[in-house]
Amino acid sequence: MITRRVQFEVMGRLVGPALMELDAYKTQRKRRKRTPKPGPFGPGLKSVDELKKIMTMIYLQGRYADGAVPVAWVTSGFPSEFLRMLGYYIIYPENHAALCGARHMTPKISEAAENQGYSMDLCSYARTDIGNVLKNNTPVGRLPKPDLIACCTNICQTVLYWYRALAAHLEVPLVLVDTPFMFGDNKEHHVQYVAEQLEECIATAEKVAGRKMDKSRMGHMMEMALQGSDLWGQCLEIARAKPSPWTGFDTFFHIAPIVSIRGTETCNRYYRGLKAELEQRVAQGVGGIKDERHRLLWDNLPIWFDIRNLATMFAERGFNFVCATYSNAWAEAGRLISPEDPILSAAKAYIYVYLNRDLNNRLRTMKELAGDYGVDGAVLHSDRSCKPYSVGQIDVKRRFAEDLGLKALVLEADHNDQRLYAREQAETRLHAFMESFGE
Amino acid sequence: MRRAYLTREKEAHGRTVMAVLPIAYPKEILTAMNILAVEVWGPPGLPASEEASRIQAYVCPVVRNAMAFLAPGVPGIDGVLFPHTCDSIQGLATVLPDLAGFPLPVANFVHPKGERRKSNETYLKQEFADLAAQLARITGKPLDPEALKGAIALHREIDRLRTSLMARRAFSPLPDREFWGVLRLGEYLWPEDYLGKLKELESGLASQAVQTGVPVMVTGIVPEPMGIYEAINAAGAFVAACDYAAIGRRVADPSAGTAPDPFDALVSRYFALPPCPTRTSLMGPRMDYLERLYAANRCRGLIVHTVKFCEPELFDLPHIRQRFARINAPVLTMEGELEPVLSGQATTRIEAFVEMTTSKRSNP
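First to last, the protein sequences are chains A and B.
Sequential numbering of the first sequence, starting at 1, is according to my numbering.
Sequential numbering of the second sequence, starting at 440, is according to my numbering.
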């Protein structure tokens, strides 16, 4: 335990940062030698380097976390601030799965899960994650074994089916925050239920971690989470400028800190830096793409394995995704957090997330985004792996297009598994869509 | 026949008729409020209208068929109740009223997930009261607590009889389709009529086991097409234990539900249901339950009959296979899409499976 703790601290405080600096130096040198390729994008965001450092450190130090500190695997919608206060090292399997997807590794990794009987019709994040658990196949070296698995159903029910399976494979306790779906406004007993579960989760997490939570610090942690969420929202809003200083595809990557290290100074510092850079780009008239002629909205998760190709295809024809419901979701609900009443306000905030609300709200949000960001159309990714995001999209698309007089397209794909994606067919549809704008 | 029954129930007893999506809902409240629940398990077969295309083809056929069935409007139905079973039914519960122009009132029952805890007991009780209030807005009449107590007693009696019938399946000379078909009549019959049918079934039981085929267990969502039973019987087996969500998984332990407060009694009954992934009991207790059910009925094989794209079921499948492999029990996995008839290929697989279970018996 002591050796493990020393390894963990040394990696986090000395070796890790040194390796990051070395890597950054090498990257800079490569960049200086390389002649920039002409392309449809504006100059790259400098904040990417910092983002890379943060995310790499999470996984690098994570290799030494089990046995050193309590480790929790949590869903992206789980109120992880409370676990962080108990000293948990937190891993987000969804984030890890997305990383595998972006590196085209999902088919190989999820094969282990499929060979054990997990159907290909199941969520590709879940298959990637379970495949990694079964065969320890990951681009990040290794993930630390958890002491606790924490699940919140505000993004989908699938996470609970998936985490039940994980808890059985890993033989660790599962804590649950079950967030009743909101048809219309939330009901008082729904919020109260979530608040009571937070208390129950904290009690279990304390037991597993072997320490008591200092509740006097709760307000501060929630204040930090609130700031982070606000800063992320401000970064997104800068894309209202014309041209937008970044693209919706960029936001899919820069979302990582608000998901993974919400409630920390590292997270907030990162977004302050990103915000300043984006503001500077607006002042200088620098766009995310070179020639922004059309502005679009993206609905649903990214198609991680084809993101570069899609971004290029759109950018070459002057299309920029200036907003995305997925990125926006992380800025919305966090604003309900109140440091004065951490548990109850967290209950409200975590029940209030985009995917836990009815389609009237979804349509309203999309229309508001369209107005605020001045979009000309929308692409709705009909994601085989994400039923809660996708069911209803056909009607949402129709109403969005009819009510606003904008063009919209439903594109069938999958967020992580390229085997479930007909690329040629998708590109043909997207070309036809772009041609309808006169491009 | 079903439509004529509904019309008669409305006219003769002034009942409100509500279509109800699967799976878990407090039928006792509906009974107490004179609401006849007509469950919509698809319905099976091809989608009833083009409205199915409003839901993507990669979503489970129960939901797509329900959309096709309900969206154009169903004569005789006064409203729809959506239990919060899964993401897809949750999606349907908002598409239909919010964006598909569905004219009838809807009610939602957002049941809690996970193991029994203090928080979800309290919540469930409040959610039952909330559902009663939603239904009162539809029927125009509030829930009478005394009527609810009576309804709970009636449903406990139904569960007592269902439990007894399922435990004595081998004592009935009826083929599976008829036997389990009677158990499914509760999907649309008024509870007292249903109880009558169950009693008839009980009166036909022999004093000892009369089924001579290979006893097998089935698990899955719904036995559609019902031809699966005929194929099992034709292959020389019979369904001795049932864990279909539409049948076995909805029978609560009849000893639960005796609390003086009817809502407390309902909470006890909810948590006395067998484990089901749609209520997301933990994996271990569910596997233990399945193994116990299998052993108690001396089954010699397990048929896992899933509906395509059904996430709650599909996540459990590897765990079921693993657990049953450990006890050396053969498992057949079949996936269906609520097709109108069982395919020849599926029939052949059942035949081969039953043959394998018998050869295992003769060659231990």
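Keep in mind the hints are simulated off the structure, nothing from the lab.
Do not rely on the hints blindly, as some may be mistaken.
[To be verified] With a straight-line cut-off of 25 Å between C-alpha atoms, the simulated PhoX-like cross-links for lysine-lysine are: (1) K215/A - K557/B; (2) K108/A - K747/B; (3) K580/B - K187/A; (4) K557/B - K187/A; (5) K207/A - K557/B; (6) K747/B - K348/A; (7) K135/A - K145/A; (8) K212/A - K747/B; (9) K30/A - K53/A; (10) K187/A - K207/A; (11) K207/A - K37/A; (12) K145/A - K108/A; (13) K557/B - K348/A; (14) K187/A - K747/B.
Computed from a predicted model, the values in this text were never measured in an experiment.
Hint by hint, here is what the structure shows:
Note on K215/A and K557/B: the hinted pairing holds, with a Cα-Cα distance of about 22 Å set against a maximum of 25 Å. Straight-line distance between C-alpha atoms of K108/A and K747/B comes to about 23 Å, which keeps the hinted pair within the 25 Å bound. Restraint check for K580/B and K187/A: the C-alpha separation of about 22 Å stays at or below 25 Å, so the hint holds. Proximity of K557/B to K187/A is assessed by CA-CA distance (about 19 Å); at most 25 Å being required, the pair is judged to hold.
Restraint check for K207/A and K557/B: satisfied, since their Cα atoms lie roughly 18 Å apart, inside the 25 Å limit. Under the criterion of a C-alpha separation no larger than 25 Å, the hint pairing K747/B with K348/A is inconsistent with the structure, at around 35 Å. With a C-alpha separation of about 13 Å, the suggested pair K135/A and K145/A falls inside the 25 Å cut-off, and the hint holds. Our distance criterion of 25 Å between C-alpha atoms is broken by K212/A and K747/B, whose separation comes to about 45 Å.
Proximity of K30/A to K53/A is assessed by CA-CA distance (about 17 Å); at most 25 Å being required, the pair is judged to hold. Our distance criterion of 25 Å between C-alpha atoms is broken by K187/A and K207/A, whose separation comes to about 31 Å. With a C-alpha separation of about 55 Å, the suggested pairing of K207/A with K37/A is violated against the 25 Å cut-off. Between the alpha carbons of K145/A and K108/A the distance comes to roughly 21 Å, so the proposed pair stays at or under 25 Å and holds.
For the suggested pair K557/B and K348/A, the alpha carbons sit about 20 Å apart, so the restraint of at most 25 Å is met. Restraint check for K187/A and K747/B: not satisfied, since their Cα atoms lie roughly 34 Å apart, outside the 25 Å limit.
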